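Asker: Given the sequences, and given the hints that come with them, work out the whole structure.
As you go down the protein sequences, you meet chains A and B in turn.
Residues 0 to 283, numbered by numbering that gives the first Met the number 0, are exactly what the first sequence covers, in order.
Residues 0 to 283, numbered by numbering that gives the first Met the number 0, are exactly what the second sequence covers, in order.
These aren't lab readings, by the way, just hints derived from the structure by calculation.
What you are looking at is a predicted structure, and each value in this text was computed from that prediction instead of being measured.
Heads up, the beta-carbon is just placed ideally off N, CA and C, and yes, glycines get one too.
Hints should not be assumed to be uniformly reliable.
[Unchecked claim] In silico BS3-like cross-links for lysine-lysine, where the CA-CA straight-line distance does not exceed 25 angstroms:
id, chain 1, residue 1, chain 2, residue 2
1, B, Lys243, A, Lys89
2, A, Lys199, B, Lys89
3, B, Lys234, A, Lys89
4, A, Lys183, B, Lys144
5, A, Lys89, B, Lys172
6, B, Lys89, A, Lys172
7, A, Lys144, B, Lys183
8, A, Lys243, B, Lys89
9, B, Lys144, B, Lys57
10, B, Lys57, A, Lys183
[Stated by the list, open to error] Examples of chain A residues toward chain B, derived with CB under 10 angstroms:
id, residue
11, Ser37
12, Ile170
13, Leu173
There are 2 protein chains.
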Amino acid sequence: MDLHELMMKRRSVRTFEERSVPDGVLDELLDAAVSAPSGGNVQPISIVTVESVEGRRKLGAIVGSQPWVRNAPLSMIFCLDFLRVGRWAKMFDVEFGGEKALLWFLIGYADLMCAAQNVVILAEERGLGSVYVGTILSQIPRARKYFDIPEGVLPMMVLSIGYPKAVPKTIPKLPRDAMVHREKYRTQTDEEIRRAFEDKYGTIDEDVVKYFERAYREAVEADGQQDGGWVEDAKARMDRLGIKSNAEFLFRLRYPSELMIELNEDLVRDFREAGFDLSSLTKS
Amino acid sequence: MDLHELMMKRRSVRTFEERSVPDGVLDELLDAAVSAPSGGNVQPISIVTVESVEGRRKLGAIVGSQPWVRNAPLSMIFCLDFLRVGRWAKMFDVEFGGEKALLWFLIGYADLMCAAQNVVILAEERGLGSVYVGTILSQIPRARKYFDIPEGVLPMMVLSIGYPKAVPKTIPKLPRDAMVHREKYRTQTDEEIRRAFEDKYGTIDEDVVKYFERAYREAVEADGQQDGGWVEDAKARMDRLGIKSNAEFLFRLRYPSELMIELNEDLVRDFREAGFDLSSLTKS
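Answerer: Structure follows, in structure tokens:
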């Protein structure tokens, strides 16, 4: 398949066949990660591969209600790794200092995502499917403990990979012109913004299950893999909260703003315990 | 070319032919960015494309001594964009709150890099070359001013793209086993770490120009495009500082730890002025 078409059609896969990823393919995926662009080519990242039954079970439990992590034959935990480069520097009596520099944090996280996205694209091209699972960010202490991840190393993203049981349909995206600005940023009118999101999500005022199927297909598909209940629960909560718009659905029910903000404190604490003290990095 | 091979060989390109990127190819690259994975599919990013002579000149001046930004026929400025989604939410009387939630910042930055890396890979496959330029992070106010980037939108990464004048050689990377851990993180011995970096950079105790050519080819190539002087200057500074190791070269001369740490204050101020108050996000 043409690479442009592959990228356009690519969707997160959440149901996998049980067969494992052949070693040769796994090595190719890891090569792709290691060869990814890196700021200053310093490569301050590490990848923990998880294929064992016990590791999959444990990682699945850590990230919570996302059964595809346990069901995928392979997961990769992408970690920011300032330990390796810091110890190397120390051997030569020089300080890396990444854990004290916000810029290194930002560069390292960019590196980490370049590596992960390389794996996503190559996996897709090799007939595999994958899904990002970012919720490891809210379970850093448990992840660090089980996977022996030491101070100076921060697990930030999980990518679960395997042969798809079914090829999922594409999900709606914003129109290109809503995201792209030619030469200068052009602040859009309310009407333009409203229309762009309506293009993407459609209107909410019809059959709610059809609405989920169109706008949140991934959540509905996920629902089918668990004990179910998400669709029913979401319908009930929409009624209870009187939700009448996509924006309300997203930021009152699916990603409630208050909850997202409340998580700051836990995140900062978990980062600090892992040796990444954001509160000192960002003192103004 | 096979995609694995393409990813292994891919290198940042810093010399471009003058011919512009055809509109059809540009649209494909932007499609690839828009279709990239996005946490919760919220897509809180924007891309400013720069092709005009004036825009290239200005962006080149903003990022500093990196002539390839001005010389590339196309650059994309990848921005975290909480403004669009925030205004949309507000139209429906609900708060997005991304600017108050560290988790949204981390999710959005991951989205931004997925989009950028999709462009990198597709560009490569289409015979183009590209180079990431992260130094826009230290010039946020100037970038925001010239490109009319409003509050709530944060320019974080530039990608310069064009047809390569020459195909650059690959640069050294860490051995795969130094970055990959099977099932659990395995803390390496000093000897293992030392050897991994020596594999990558080679030893420093030989002809210093040959050393640069091997370990920092990109800096040497860059040097050739400017008025020159980097190699001479680096040699002189190495002598003056008594630099005898790769680690010292990296963290005393190329990315001096003290300087990287000093930049925290500017970064936090510039982020705050752009509406991203990291110091309040990361209060512990």
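Asker: Compare the structure with each hint and give your call.
Answerer: Evaluation of the provided hints:
1. A hinted pair counts as satisfied when its Cα atoms are at most 25 angstroms apart, and B:Lys243 with A:Lys89 qualifies at roughly 14 angstroms.
2. Taking the CA atoms of A:Lys199 and B:Lys89, the gap is about 17 angstroms. The hint holds against a cut of 25 angstroms.
3. For the suggested pair B:Lys234 and A:Lys89, the alpha carbons sit about 23 angstroms apart, so the restraint of at most 25 angstroms is met.
4. Note on A:Lys183 and B:Lys144: the hinted pairing holds, with a Cα-Cα distance of about 10 angstroms set against a maximum of 25 angstroms.
5. Taking the CA atoms of A:Lys89 and B:Lys172, the gap is near 20 angstroms; set against the 25 angstroms cutoff, the hint holds.
6. Distance restraint check for B:Lys89 and A:Lys172: the Cα-Cα separation of roughly 20 angstroms lies within the 25 angstroms cut-off, and the hinted pair is therefore satisfied.
7. The suggested pairing of A:Lys144 with B:Lys183 holds, with an alpha-carbon distance near 10 angstroms, which does not exceed 25 angstroms.
8. For the given pair, A:Lys243 sits about 14 angstroms from B:Lys89 by alpha-carbon distance, which is consistent with the 25 angstroms threshold.
9. Simply put, B:Lys144 and B:Lys57 have alpha-carbon atoms about 11 angstroms apart, close enough for the 25 angstroms limit, and the pair holds.
10. Proposed proximity of B:Lys57 and A:Lys183 is supported: the alpha carbons are some 12 angstroms apart, at most 25 angstroms.
11. Contact between A:Ser37 and chain B, as hinted, is supported at the beta carbon level, the nearest pair being about 8 angstroms apart and thus within 10 angstroms.
12. Annotation: interface hint on A:Ile170 holds; nearest CB of chain B at approximately 6 angstroms, less than 10 angstroms.
13. Nearest Cβ of chain B to the Cβ of A:Leu173: about 5 angstroms, under the 10 angstroms cut. The hint holds.
In this structure, every one of the numbered hints holds.
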